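Residue numbers (the numbering used here), protein chains in the order written: chain Y, 1 to 266; chain B, 1 to 107; chain D, 1 to 154.
You may find that some hints are simply not true.
Claimed, not checked - Using 30 angstroms as the maximum straight-line C-alpha spacing, the simulated DSS-like pairs for lysine-lysine come out as follows:
no., chain 1, residue 1, chain 2, residue 2
1, Y, Lys-48, D, Lys-55
2, D, Lys-55, B, Lys-22
3, D, Lys-85, B, Lys-11
4, B, Lys-11, D, Lys-50
5, Y, Lys-48, D, Lys-53
6, B, Lys-22, Y, Lys-134
7, D, Lys-55, B, Lys-14
8, Y, Lys-48, B, Lys-12
9, Y, Lys-89, B, Lys-14
10, Y, Lys-93, B, Lys-22
11, D, Lys-110, Y, Lys-48
12, Y, Lys-93, B, Lys-14
13, Y, Lys-48, B, Lys-11
14, B, Lys-11, D, Lys-110
15, B, Lys-22, D, Lys-53
16, B, Lys-14, D, Lys-53
17, B, Lys-22, Y, Lys-48
18, B, Lys-22, D, Lys-85
No wet-lab data here; the hints were simulated from the structure. Just so it is clear, the structure is predicted and the values come from calculations on it, not from any experiment.
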Amino acid sequence: MNVAVLRSMLWIALVVAGPFAAALPALGAEIPPDQRRSGYADMSPDNKAMQDDDTSNPGMLAVLDGEALWGTKAGTANRSCADCHGDAKTSMKGVAARYPVFNAARGQPVDLSQRINICRSQHQQAKPFAHESKDMLALSAYVAMQSRGDPIAPPDDQRLKPFIEKGHALFMQRMGQLNLSCSQCHNDNWGKNIAGNIMPQAHPTGYPIYRLEWQGMGSLQRRLRNCMIGVRAEPYAYGAPEYVEMELYLMQRARGMTIETPAVRP
Amino acid sequence: MAARTLINVPKKAKRGEVITIKTLISHPMETGFRHNTVGLPLPRDIITSFVCTYNGEEIFRAALHPAIAANPFITFHTVATESGRIAFRWTGDNGFAAEASADIAVG
Amino acid sequence: MNRTSLESSQATRRGFLGAVGAALIVRPASATPASMAVAIRQVVGDAEPKRGKVKLNLPPLVENGNTVAMGVSVDSPMTPQDYVKAIHVFADKNPLPNVISVQFGPRAGKADISTRMRLADTQTVVAICEMSDGSFWSDSVDVVITFGACLEDS
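Please take these sequences and the hints and turn them into a complete structure.
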């Protein structure tokens, strides 16, 4: 039996025979603001400790790489991020807490890594970083860490409305061979124990994260791909507008929660 | 990009005090037991040895095996004997070598 | 195949071998308790490790076997006359039994180390310490591995 088949059987076993099967009817109810909690709250004491101590959090290795890249001149423009933005501690503070934002030139929202790549190509005249590349994860972790401790504060921008609504619709829509929506797991069954792990509420507070399963860093898009593959849905390509829409919706849903980048997750 | 290291040694300590040293290094610790998407084995690529010296004298040594997690994290202790340099060296498969050091003032 | 066995075999393989990117799962012969015994024998020679003095710290339940916090401490004064020379850690169901071996001396002040290890399966982990008088002491912990439910590309 091949791995994919085994894995999907496992997923089905989890969902159909799993401890929360009885609760599966889609309720579609949103999580009351005072009951929201980060995936951090669902972790073991060891994993919490790994995230809490910067000298033991492997995500900090990526942040340090990002700090080095921030000061490195690149592209035909031969400019570094620092040449234009100065000290990231001040210029990038709060930025990750409000992304994705509407980009007028493109007529659509862009997330933080897309924004970094706009600077790469337009301002540095350098080759954009590939999605999930070491450099992109490092720079976005460094930029996002400048907002650590800040409340998520999506902009009140009317132009974003239709995209947030699309993201919301995607979150509610059943998908994949398992025919499950994000909401069925993350709104209706959060806090339930599935085979020893706790179903999180799916908040985007810690990205990019160091995930133990990946043994490395990954973006929110990679996390969303994992969940889509889990329900045996065809994941969108990296950078697809659907991901940015979901990111937008997740940020709205987590408004006011605290940025934790670089978070650790199992 | 060279391996990134993150070490934590107290900057100051009292003579005779037991200090905690924490070290973290970026490395995949590829076990040698995995295959890639087309079925080819991924060769073992791990850090095999970690050594710490205090003003040149070896105070701690570890032999690592594939069962050590990616991005090895090791913490241990030493007695702060004198001011000077605490140095770290990691070596491994495929000629891997990385170094880091920190200065400590002992009063 | 019943659900429990599917879960444990699949999940635990994923724990140790689980892919960064997309790697296939292979099934190396895992270390059996017998090969762990051989590995331990290589360290202790003819000596019979006694229970005590050394304490192995591992969580009884683990979310992801890729990275498990592990600590070993030994009750020792760490004086030039009486100190810990080495600590060795073994696991009986990983592909190889050896995990880590550390060497130190009285200058350590405190025989207490920690690291992060991989656990391929629910299994027994053993720590052995070697004292300056040549005696060996041991501790062991049984660890149960659960798993992350969302999957990577395959």
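Quick rundown of the hints versus the structure:
no.: 1; hint: Y:Lys-48 with D:Lys-55; in the structure: holds, 22 angstroms
no.: 2; hint: D:Lys-55 with B:Lys-22; in the structure: holds, 20 angstroms
no.: 3; hint: D:Lys-85 with B:Lys-11; in the structure: holds, 27 angstroms
no.: 4; hint: B:Lys-11 with D:Lys-50; in the structure: violated, 39 angstroms
no.: 5; hint: Y:Lys-48 with D:Lys-53; in the structure: holds, 29 angstroms
no.: 6; hint: B:Lys-22 with Y:Lys-134; in the structure: holds, 24 angstroms
no.: 7; hint: D:Lys-55 with B:Lys-14; in the structure: holds, 28 angstroms
no.: 8; hint: Y:Lys-48 with B:Lys-12; in the structure: holds, 28 angstroms
no.: 9; hint: Y:Lys-89 with B:Lys-14; in the structure: violated, 34 angstroms
no.: 10; hint: Y:Lys-93 with B:Lys-22; in the structure: holds, 29 angstroms
no.: 11; hint: D:Lys-110 with Y:Lys-48; in the structure: holds, 25 angstroms
no.: 12; hint: Y:Lys-93 with B:Lys-14; in the structure: violated, 38 angstroms
no.: 13; hint: Y:Lys-48 with B:Lys-11; in the structure: holds, 26 angstroms
no.: 14; hint: B:Lys-11 with D:Lys-110; in the structure: holds, 19 angstroms
no.: 15; hint: B:Lys-22 with D:Lys-53; in the structure: holds, 24 angstroms
no.: 16; hint: B:Lys-14 with D:Lys-53; in the structure: holds, 28 angstroms
no.: 17; hint: B:Lys-22 with Y:Lys-48; in the structure: holds, 17 angstroms
no.: 18; hint: B:Lys-22 with D:Lys-85; in the structure: holds, 20 angstroms
Of the hints listed earlier, those the structure fails to meet are numbers 4, 9, 12, in rising order.
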